[in-house]
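Line by line, the protein sequences give chains A, B and C. Using the numbering used here, read the first sequence as starting at 1 and increasing by one per residue. Using the numbering used here, read the second sequence as starting at 628 and increasing by one per residue. Using the numbering used here, read the third sequence as starting at 1196 and increasing by one per residue.
Mixed in with the good hints there might be a few duds.
To be verified - Heads up, simulated DSSO-like pairs for lysine-lysine below, C-alpha to C-alpha not over 30 Å straight-line:
hint, chain 1, residue 1, chain 2, residue 2
1, A, LYS449, A, LYS371
2, B, LYS655, B, LYS743
3, B, LYS631, A, LYS215
4, B, LYS631, B, LYS737
5, A, LYS215, B, LYS647
6, A, LYS334, B, LYS1089
7, A, LYS134, A, LYS77
8, B, LYS802, A, LYS568
9, C, LYS1347, B, LYS802
10, A, LYS327, A, LYS422
11, C, LYS1284, A, LYS584
12, A, LYS577, A, LYS546
13, B, LYS743, B, LYS802
14, A, LYS56, A, LYS175
15, A, LYS334, B, LYS631
16, A, LYS608, A, LYS580
17, A, LYS327, B, LYS802
18, B, LYS631, A, LYS535
19, B, LYS647, A, LYS327
20, A, LYS625, C, LYS1301
21, A, LYS584, C, LYS1301
22, A, LYS371, A, LYS450
23, C, LYS1273, A, LYS568
24, B, LYS1104, A, LYS215
FYI, nobody ran anything at the bench for these hints, they're computed from the structure. Here the structure is a predicted model, which is why all the values come from computation and not from measurement.
The lines below spell out each chain.
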Amino acid sequence: MLTMLKTRADLDALRERCAAAARAEEKKILVCAGTGCVSSGSLDIFDRLREIMSEKGVDCTVELQEEPHEHAVGMKKSGCHGFCEMGPLVRIEPQGWLYTRVRLSDCEEIVERTILRGEHIERLAYQKDGTVHKEQEDIPFYKKQTRLVLEHCGHIDATSILEYLAIGGYTAFEKALFDLSPDDIIREVTESNLRGRGGGGFPAGRKWSQVQRQKEPVKYVVCNGDEGDPGAFMDRSIMEGDPHRMLEGMMIAGRACGASEGYIYVRAEYPMAVSRLQNAIAQAEACGLLGRDILGSGFDFTLHISRGAGAFVCGEGSALTASIEGKRGMPRVKPPRTVEHGLFDKPTVLNNVETYANVPLILNRGAAWYKSIGPENSPGTKAFALTGNIVNTGLIEVPMGTTLREIIFDIGGGMRDGGEFKAVQIGGPSGGCLTAEHLDMPLDFDSLKKAGAMIGSGGLVVMDQHTCMVEVARFFMNFTQNESCGKCVPCREGTRRMLEILERIVAGNGRDGDIELLLELADTITNTALCGLGKSAALPVVSTIKNFRSEYEAHIYEKRCPTGNCRKLRRISIDPKLCKGCSKCSRTCPAGAISGVLKQPFVIDPDKCIKCGACVEACPFHAIKED
Amino acid sequence: MTNKETMLIDGVPVEINGEKNLLELIRKAGISLPTFCYHSELSVYGACRMCMVENERGGLEAACSTPPRAGMSIRTNTERLRRYRRVILELLLANHCRDCTTCENNGQCKLQSLAKRFNIEGVRFPNTAEKPLIENSSVSVVRDAHKCILCGDCVRMCNEVQNVGAIDFARRGSKMTISTAFDVPLAESPCVGCGQCAAVCPTGAIVVKNDVEKVWKALDDKNTRVSVQIAPAVRVALGQAFGLPGGENSMGKIVAALRRMGFDSIFDTSTGADLTVLEESGELAARLEEGGHELPLFSSCCPAWVRFCETRFPELLPNVSSCKSPMQMFAAVIREQARASSRRHVHVAVMPCTAKKYEARRSEFCPDGKPDVDYVLTTQELVRMIRESNLIFSELEPEAVDMPFGTMTGAGVIFGVTGGVTEAVLRRLASDKSNSGLMRLAYTGVRGLEGVKETTVEVGGKPVRIAMVSGLGNAAKLIERIRQGEHFDFVEVMACPGGCINGAGQPFVPAEEKAQRSAGLYAADKLCSIKRSEENPLMMSLYGGILKGRVHELLHVHYGAGEEERHG
Amino acid sequence: MNTHEMYQTADAILDRCGREQRSVIAVLQGIQEHYRYLPRELFPYLAEQLGVSEARLYSVATFYENFSLDPKGHFVIKVCDGTACHVRKSIPILERLRSDLGLSDKKVTTDDLLFTVETVSCLGACGLAPVITVNDKVHPGMTPDKASELIKQLREELQNADNA
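Take the sequences, apply the hints, and build the full model.
What follows is the structure, encoded as structure tokens:
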């Protein structure tokens, strides 16, 4: 049962009690309950650990209470650590040890040795190149990161408002209610030069002041949690791992702009984020941190959750608000802008999850401190989802302006399987690709824009020399084409045609002039599409043509895929020197393309061959080759 | 010195006078910027991207959604803009059915004319559309999804202006279509057949159903006598298709043309309207006498409104006048009169309206299974027939309609414009029968093309509260007010904005030319020697003859009675 | 389906989400969660209650990917009919599945809503052809007899689950 807080003093007192209770937990086991670790079985690990603890009579608490419980072991389900591929992850405190890939059979040993005897289990620690990294912070993946927005993810119980209070949660909101005027808040946020983390990089402070200036009495604060880029999950991790942090940011925005209602739009594919947020809102309401006359300040604020229903385009502001209003998620023309006529036609502050999560930090530590991180024009940190042909994949946070080289080779551990770095696709289907020449370019809004890419929501897909860039472009265009809302002609018809052309190129039917036609369509779409998603739809194609034109040309003019990726362009042949004429390939071939006389070399009819590769697998003498 | 705000359009200073957007200002400046999805009466959709203009920084903006600002400078015709417009047109043409010569909309199609204007010489993309999807369940309009460019004009018309909501977008992206709920045929949807979707469709994706061939067939049959009635609104619009000024009354020429085409007897629906005035004014007087829940009395001339009422507000049907529409009253009388002849009789009605096609098919108007009106032609279909007859319309000498129904009144003529029915009924009910009384009536707020007009007129010493609405969306809003407790005695509803003059069967012309049609009808009224329906000498003979003892049977109808049967 | 019960279900969802246009998506989500699809029979009622046209409701329902207008079976079986699978005789497998389950190309889901049988153009597992997937789990090297056996297994699996 949570205490209803009526005054500022109530809040301070509760925070004190929570901090004391947290201090009383001498040891803690934090089992990652992010989506990644849950799917690899972390919840079973949690249950098993608890079971063993109770069998062994270890005094443990699974929920932080307002009253300290001395000498207990705290058992927590934490948010995402970002190192999903090493999951399930278990963190041990106070040592700060991280156990990776924990199995049910390891649980007994963890309790017996680590909890009861304080010993480290080397086998479960992260090891690289023969070095054992005991502490989480010592692991190269974490060492080079600056985790500010994600600082609590993995370190606190994401389902408990008391844990958030214990580490000083809602102090920024408290300040915003009692120590700062709305103008002060906006000045601080403007001063910090916090730029929207959703892709465009629009200064948050300017947006807030535009909304604040509107005369309309009803205003809204909306959070964009519709993280639809394939391969991006920064926002999900924050919503799941530190939901109160984001709520606090929204509440401060509401206070600053004069809004008393907020909506969080979460994509339907994030059920855990939805339930964590629902839980967090219910707790904040129960404590009196949401509702009417919060802490006696006279400020009212309520929050609602809107679940998406499967449409990438709803990440666009006006499509998102249309979706909250119960309509088709189709972007509308601007002006009027969202700050004037947004949700339900009222002035609306719309920022994404990561942007709001930055706000408490800025109010707590000040704009000057915030600006000291990263470059002047893009201060602060940025979370990225690092995936692809790289050793360490996962969720990372680095200061803006960190170079790709640091991210890929220091944090990411370099290329996987000795591969050679070829390119990185940044910003998903709305972004572009960067090549080796960009490795030392600082990653920030402006530098990326100059290089013809964009941060987007922050997905980084690292590709090695085996990746076909035409196929990558086709993949993203296929995605965009499927997700186009269909409203404006350039996007609806243009992306369809671009996909058609890319499909014929990777199928070996490219024609002379296709590259020029792609660029012409891209130019039209980029300049005339209605919304931001449409305008950036062609970027993956333009940037791959710019950086890898020769690959396109090889496909079109030589009917050859330099990386051997495009199946339809493969040439499969039988090496007559190695072929023993066993006929296994011809019996395996689904298309009847292989013929020959027993004990003599067989041949493949290229016209019949469907390039499925079944014969390659089947040949016992490795006589069949693809190139 | 006035400090008017100006901006530069293609280097020329243009004064800003409160235009909503750049597009309107650019068009006022004499530049016909291309658009598919912009209609001043609909919300701004901004999807076709044809109206993009270039600003001084080289940025592109859609003119339809950008407000003009003082000091702005834009270009409407640059190399880039031409290139983008061409690519957009090429993209639209790619999956479009390009059988222009056999298209119903040939010559009126915006896509066709813009393709010509921007010199589209070829389409570089394969046509991947599936087979044409013709949907002709409705008696009013025919849809062909293959010709649809998804500009959404029809959807916004059906939802925003008409509030009917029969069609909407379905699916998304390249799979998007315009569809009814669950893609049911239009005839099974709440469609009221007003045809306004066809009126705004820039291509041949929604066209008015064409019944021309059936009429030719009847005309060619020697054993068939073909009679025709012409609605008031037709005479002030048809000429526009032949280059005559908007609003010019070309009734005489129309009669001449019809006679040359072989119609045996030609009548004016205004005569039918006189019957309606007499019946409806009688009904209103009786209801005013009784008072209570019988009020307001809703007019029933407009079949799209009647259908709308049946589907959306069935509880209001008892308040809808029992009078048949002028077309159906007149057709019933003409049918009776023709019984004397032994020849087969086919009756055709030329209407500004697509819903009349549906009205003529209603079971209420098919006594013994045979419709009183065999075919309804829209103004546009008649235009087509005149063209096919090789007649030079502008040079035809005016001729008069046939006897025995040769007299009509000004009251019947003004039925074609919103407020006209009301004014005609009031002429009958007003106690002041002087000419100045007539004049006064015209200034009581019954005239004008506003979507909602309200007035209070004294009848028999009592104030009578009247509303005249056009556009079904306005009707729905008014009904909501009535439900909230507001009182009206009489409500005239016309489904098409502005009334029948803007029916979907009329030639498609720019908005300002449409407005001239109403002036044309009031001018025709002025020229009529008889202004009041009850003074039409024909009425006396009809009531004493054909109608004797059969007024209810021939002139009245009860909507809702047949409803159960059709939908139950 | 019992109409009375359907209206009760719809009413409960409408009460929870609100009877206004802004609740359209939330209501459809509620219906979809309950029935695993959006029953057409409910549309007129939902449209009336939410104050939108049926065409608008259909419009929203078909815009978002998470909504399905067709009921799907508990097991969704996809038969690969890519080139490789086709020449390795995937059609007889499809035919066997359909005849075992009483389905056709028009009727893809069994009346008891246990099985949905669909075809898919290529699963990219040509070397294992012919393949089918059951709720996204790949079953390689299928034959008509194996397919019949698989249906039996799935039924048993379900029965055991019910008993347990």
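Hint-by-hint comparison with the structure:
1. The straight-line distance between the Cα atoms of LYS449/A and LYS371/A is roughly 21 Å, inside the 30 Å bound, and the hint therefore holds.
2. A hinted pair counts as satisfied when its Cα atoms are at most 30 Å apart, and LYS655/B with LYS743/B qualifies at roughly 23 Å.
3. For the proposed pair LYS631/B and LYS215/A, the alpha carbon gap of about 27 Å is at most 30 Å, so the pair holds.
4. Proximity of LYS631/B to LYS737/B is assessed by CA-CA distance (about 35 Å); at most 30 Å being required, the pair is judged violated.
5. A hinted pair counts as satisfied when its Cα atoms are at most 30 Å apart, and LYS215/A with LYS647/B qualifies at roughly 21 Å.
6. A threshold of 30 Å between alpha carbons decides the hint, and for LYS334/A with LYS1089/B the separation of about 52 Å lies outside it, so the pair is violated.
7. Annotation: proposed proximity of LYS134/A to LYS77/A holds, straight-line Cα distance about 21 Å (limit 30 Å).
8. With a C-alpha separation of about 27 Å, the suggested pairing of LYS802/B with LYS568/A holds against the 30 Å cut-off.
9. For the hint linking LYS1347/C to LYS802/B, the alpha-carbon distance of about 38 Å lies beyond 30 Å, and the restraint is violated.
10. Proposed proximity of LYS327/A and LYS422/A is contradicted: the alpha carbons are some 42 Å apart, above 30 Å.
11. Pair hint LYS1284/C plus LYS584/A holds up; C-alpha atoms about 19 Å apart against a cutoff of 30 Å.
12. With a C-alpha separation of about 42 Å, the suggested pair LYS577/A and LYS546/A falls outside the 30 Å cut-off, and the hint is violated.
13. Restraint check for LYS743/B and LYS802/B: the C-alpha separation of about 27 Å stays at or below 30 Å, so the hint holds.
14. A C-alpha spacing of about 45 Å is found between LYS56/A and LYS175/A, which places the hinted pair above 30 Å, so the restraint is violated.
15. This hinted pair checks out: LYS334/A and LYS631/B have alpha carbons roughly 26 Å apart, not beyond 30 Å.
16. For the suggested pair LYS608/A and LYS580/A, the alpha carbons sit about 22 Å apart, so the restraint of at most 30 Å is met.
17. Straight-line distance between C-alpha atoms of LYS327/A and LYS802/B comes to about 18 Å, which keeps the hinted pair within the 30 Å bound.
18. Taking the CA atoms of LYS631/B and LYS535/A, the gap is near 36 Å; set against the 30 Å cutoff, the hint is violated.
19. Under the criterion of a C-alpha separation no larger than 30 Å, the hint pairing LYS647/B with LYS327/A is consistent with the structure, at around 25 Å.
20. For a cut-off of 30 Å, the pair hint linking LYS625/A to LYS1301/C is broken: about 43 Å separates their Cα positions.
21. At most 30 Å may separate the alpha-carbon atoms for a hinted pair to count; LYS584/A and LYS1301/C exceed this at roughly 39 Å.
22. For the hint linking LYS371/A to LYS450/A, the alpha-carbon distance of about 22 Å falls within 30 Å, and the restraint holds.
23. Of the supplied pair hints, the one linking LYS1273/C and LYS568/A holds, its CA atoms being roughly 24 Å apart against a limit of 30 Å.
24. Simply put, LYS1104/B and LYS215/A have alpha-carbon atoms about 29 Å apart, close enough for the 30 Å limit, and the pair holds.
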